[in-house]
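2 protein chains.
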Amino acid sequence: MISSIAELISDRIGTMPAGERRAAQTLIANYPLIGLKTVAEFSAAAGVSSPTILRFVARLGFQNYPEFQSALQDELAAQLQSPASRTLNPPSPNGGAVSPMLEATLDNLRETFRHLSDKQLADIVAKLADRRGKTFLIGGRFTDPLARYMAAHLAIIQPNVFHLAGQESVWRDRLIDMGKRDVLVIFDIRRYQDSLVRFAETAHQRGVQIVLFTDQWLSPIARFARHVIAGRTAVPSAWDSSAALFVVAETLIGGVTRQLEADGAKRIRELESLR
Amino acid sequence: MISSIAELISDRIGTMPAGERRAAQTLIANYPLIGLKTVAEFSAAAGVSSPTILRFVARLGFQNYPEFQSALQDELAAQLQSPASRTLNPPSPNGGAVSPMLEATLDNLRETFRHLSDKQLADIVAKLADRRGKTFLIGGRFTDPLARYMAAHLAIIQPNVFHLAGQESVWRDRLIDMGKRDVLVIFDIRRYQDSLVRFAETAHQRGVQIVLFTDQWLSPIARFARHVIAGRTAVPSAWDSSAALFVVAETLIGGVTRQLEADGAKRIRELESLR
DNA sequence: CAAAATACGTAATATACGATACAGCGCTCT
DNA sequence: AGAGCGCTGTATCGTATATTACGTATTTTG
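Going line by line, the protein sequences match chains A and B.
Numbered as in my numbering, the first sequence ends at 275 without a single skipped number.
Numbered as in my numbering, the second sequence ends at 275 without a single skipped number.
It cannot be assumed that every hint is accurate.
It does not matter which identical chain is used: a pair holds within one copy or between any two.
Claimed, not checked - No farther apart than 20 Å at their CA atoms in a straight line, the calculated lysine to aspartate or glutamate pairs in the DMTMM-like style are these:
hint: 1; residue 1: K134; residue 2: D123
hint: 2; residue 1: K127; residue 2: D177
hint: 3; residue 1: K134; residue 2: D118
hint: 4; residue 1: K127; residue 2: E168
No wet-lab data here; the hints were simulated from the structure.
Please put together the full structure from these sequences, using the hints given.
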């Protein structure tokens, strides 16, 4: 069973002529980056000619050089998706069904935040804390609870926060209330819902600023979104995980709260006095 | 000090026009592989035209596309050499608002699961997957979305799953439907809601098995609960975090799904054929 | 040792890719 | 409301790249 190209190479390197073997060795030596460069660069690094490189990849079973490169990229993609941190954490003493799920979620969280800069979050917080406009939140079949969760918090610390729920026709009519100064927070992960996409498009046309929570494959709504948060969702389960998006949402909630406190919003002080 | 291209992007993404921002977002979303593909593929993935991609890389300061790709490859090479230094965002030495929140959440997850045995989870899974009884879910002010999230998934893979929402009087009347074989999943964290406690007590008297999601200080409902899941909730924010409970919920959802598949429930097969 | 077969590089060719010019459109600002 | 600017996509061009053909060198085999 050969799964990676590196294995494939070491499997067949014995049957290769001298020139191609040099190509194979240089590729293994700094795998896989040389293979992603041009044939000319690859050949120069290996000290052979271009056709030798092409014969080398042909011997590996690829039709042409681009196909070979695509395979390398796919392999890299798989590596980058599931980071090596899995090996860093103690390999779960109890090999139960629990740990894999937890480990994957921890990875997802780290990966999601790794792609999220402080500045990006600060921008979104500023937008959400801007009390001149209204804030609408909506989610898809499985993500609507996330919208609810966020709305439940935001609605306490500021006015004009609305969670859009129920029948499509109901929240579609709320478009009338939306304008340039308003923000629409949408949660949409695979499989992306047409109704949400249409809703987002119309809102966008009305000048509404869209903050999109989606997965790493990006909902089509990303086209219209001002800010996109791409969370990792892969876990060893039949379902995708929304945990990363959930934590980002909590982070934003905390940020907006802090922001409003800093702004000295009297609403916050009033709230405190109410307790 | 900007060291990686990803930082460079998140630094300037604010000043970019819409199209280029979409390019930036898709690149960040699956970094850096899209950038290693051709301009045509990159543009298709981002949903923009080729020139927009080229303008995007030009704005980042690169003379041409190949130069941009080389930079990405160099970065990848450095990463692959030392897997430990895979930090895209530097560990934010500036007390940025991001990391503390993330770190605390990661800790909470680990702690929560540390106090949770495989057996405990397996028991709950078995209980939830037992299709002889009904499953009810309910939550408090902030945790109701968690109940919704769990209900949304469970209701697909098995019948007789009900999320109790709306007015207290409404779900209180549903007590009539509950009996010994039924399960009631309650989410309740500080400040514990009296209405929920009363509800749980009555349900308990009727013989309903209660699965309680609460925080580490334990809701009074714990008295009546058959199973208690105590999640860590402390984060550097004005609000408590429900992330740990969320992840436990996802773990249970995954477990129940696997269980029902193993039981060969025909509902699961029917579902698959429906897709 | 001779002759064939295989391997390899040079040079020419075709393709696909990145780059550019230009026009249409929407947006902002006065 | 109108004029100007900036952004974006279409179509075209030039070029770098992969590919192929062919001749030479090297190894293999009888």
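Hint numbers not upheld by this structure, sorted from lowest to highest: 3 and 4
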